[in-house]
Amino acid sequence: MNPGDLRWGDAVIGILASALVIAAFVLAYFPAGEARVLVISQAGASPQHEPLDRHRVLEVNGPAGTTRIEIEPGRARCAESPGQRNICEASGWLQAHGDMAVSLPNRLTLQVLGSEPGFDSLHY
Amino acid sequence: MTGNPLPDPVRRDRTIAALAAIAIGIQVLEAAIPSPVPGIKPGLANIVTLVALLVLGWRAAVAVTLIRVVGSSLLLGTLLSPAFWLSLAGALASLAMLALLRPLAPRHLGPVGLAIAAALAHTSGQFLLAWVIIIPHPNLPLVLPPLLLAALITGGLTGILAAHVLADPRIQRHVRTRKPDPKGNTD
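First to last, the protein sequences are chains A and B.
Residues 352 to 475 in our numbering are what the first sequence spells out, letter by letter.
Residues 89 to 275 in our numbering are what the second sequence spells out, letter by letter.
If you are wondering where the hints come from, they were derived from the structure by calculation, not from laboratory data.
Be aware that a few hints might be false.
[As the list claims (entries may be wrong)] Derived DEER-like restraints, expressed as beta-carbon distance ranges: (1) A:464 with B:188: 41 to 47 Å; (2) B:162 with A:388: 50 to 56 Å; (3) B:257 with A:377: 43 to 49 Å; (4) A:406 with B:166: 51 to 57 Å; (5) B:121 with A:388: 43 to 49 Å; (6) A:438 with B:117: 50 to 56 Å; (7) A:377 with B:255: 33 to 39 Å; (8) A:374 with B:118: 36 to 42 Å; (9) B:117 with A:464: 43 to 49 Å.
[To be verified] A few chain A positions that, by computed beta-carbon distances, are all more than 12 Å from chain B: (10) 361; (11) 369; (12) 387; (13) 390; (14) 430; (15) 451.
Note that the structure is predicted; figures quoted are calculated from it, not measured.
Don't be surprised by glycine CBs; every beta carbon is placed ideally from N, CA and C.
Start from the sequences and build out the full structure, keeping to the hints where you can.
Set out below in structure tokens:
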């Protein structure tokens, strides 16, 4: 194909189309799925809902000791837990809808939920 | 009319039929090739739509495309199934985009720009139908960006291939892509 076959309109459409694709990626993936609430579920107790609005630290007592939960705007994490292998801490910051941390020794799960749920699964 | 000896409606119909047959052949062959990603395919049959548009005008492009959609769905056994409606929605959306941009071609716009715009319209039209009617799931927009990216790439490739086809002397001999009178009406 000769470069002469390209007109200025092709360049305009190419640029607009690329901008559209980039905008679609940004809009679809970045602001959505933000976690809004942390659900703390412990065996034998009713689940506790904590909004992810400001920085604070919660302490939950369980059969093995104390789990320290750190909450920040839009995310939460298990900062310290009595588990020997630090599985709860290793989950890191929970910030996308459905992210979860579990402390088995304390019979505890932490899960963040958002208003815009992320993927559960995709089928074709 | 383009000014070449096409006013003969029989000859024009035959050309449209031949182009539609080529497009159906391409689409059926393409359906036989497994796609690495579901929902994404090259859409090579759109080359024929572009050639029909630039050579014969947008009415011919509409005819070729609709015959292709119905004809290939008959051969593939998808007539009136969701795949058929998706194909039709994409075809109508891209035809609308092409009708909109047609006055700019060929002076300001070549096949590549037309193909990219049509491919994005095709994907968007299909997506809207899928989202509004077939799978009204709130998270479906999350699959749209990769599909649009694929449309951008395949649209560009389709446009380059269409430009090659239009530059072919065998096509040039039978049909004219440039109007003899720049102020003449195209269709």
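The hints, checked one at a time:
1. A beta carbon spacing of about 43 Å between residue 464 (chain A) and residue 188 (chain B) agrees with the range 41 to 47 Å that was offered as a hint.
2. Taken as a hint, the range 50 to 56 Å holds for the pair residue 162 (chain B) and residue 388 (chain A), whose Cβ atoms sit roughly 52 Å apart.
3. Separated by about 45 Å at the C-beta atoms, residue 257 (chain B) and residue 377 (chain A) satisfy the suggested range of 43 to 49 Å.
4. In this structure the hint that residue 406 (chain A) and residue 166 (chain B) lie 51 to 57 Å apart at CB holds, the actual value being about 55 Å.
5. Take residue 121 (chain B) and residue 388 (chain A): their Cβ atoms lie about 46 Å apart, and the range 43 to 49 Å holds.
6. The given range of 50 to 56 Å is respected by residue 438 (chain A) and residue 117 (chain B), whose C-beta atoms sit roughly 52 Å from each other.
7. A beta carbon spacing of about 37 Å between residue 377 (chain A) and residue 255 (chain B) agrees with the range 33 to 39 Å that was offered as a hint.
8. In this structure, residue 374 (chain A) and residue 118 (chain B) break the distance hint of 36 to 42 Å, their C-beta atoms being roughly 29 Å apart.
9. Checked against the given bound of 43 to 49 Å, the beta carbons of residue 117 (chain B) and residue 464 (chain A), roughly 47 Å apart, stay inside it.
10. Listed as outside the interface, residue 361 (chain A) is inconsistent with that label: its C-beta sits roughly 4 Å from the nearest C-beta of chain B, within the 12 Å cut-off.
11. Not every CB of chain B lies more than 12 Å from the CB of residue 369 (chain A), the least distance being 7 Å, so the non-interface label is violated.
12. The claim that residue 387 (chain A) is not at the interface with chain B holds, since no C-beta of that chain comes within 12 Å of its own (minimum 15 Å).
13. Every CB of chain B is more than 12 Å from the CB of residue 390 (chain A) (nearest about 20 Å), matching its label as outside the interface.
14. The claim that residue 430 (chain A) lies off the interface holds: its Cβ sits roughly 31 Å from the closest Cβ of chain B, which is beyond the 12 Å cut-off.
15. Every CB of chain B is more than 12 Å from the CB of residue 451 (chain A) (nearest about 19 Å), matching its label as outside the interface.
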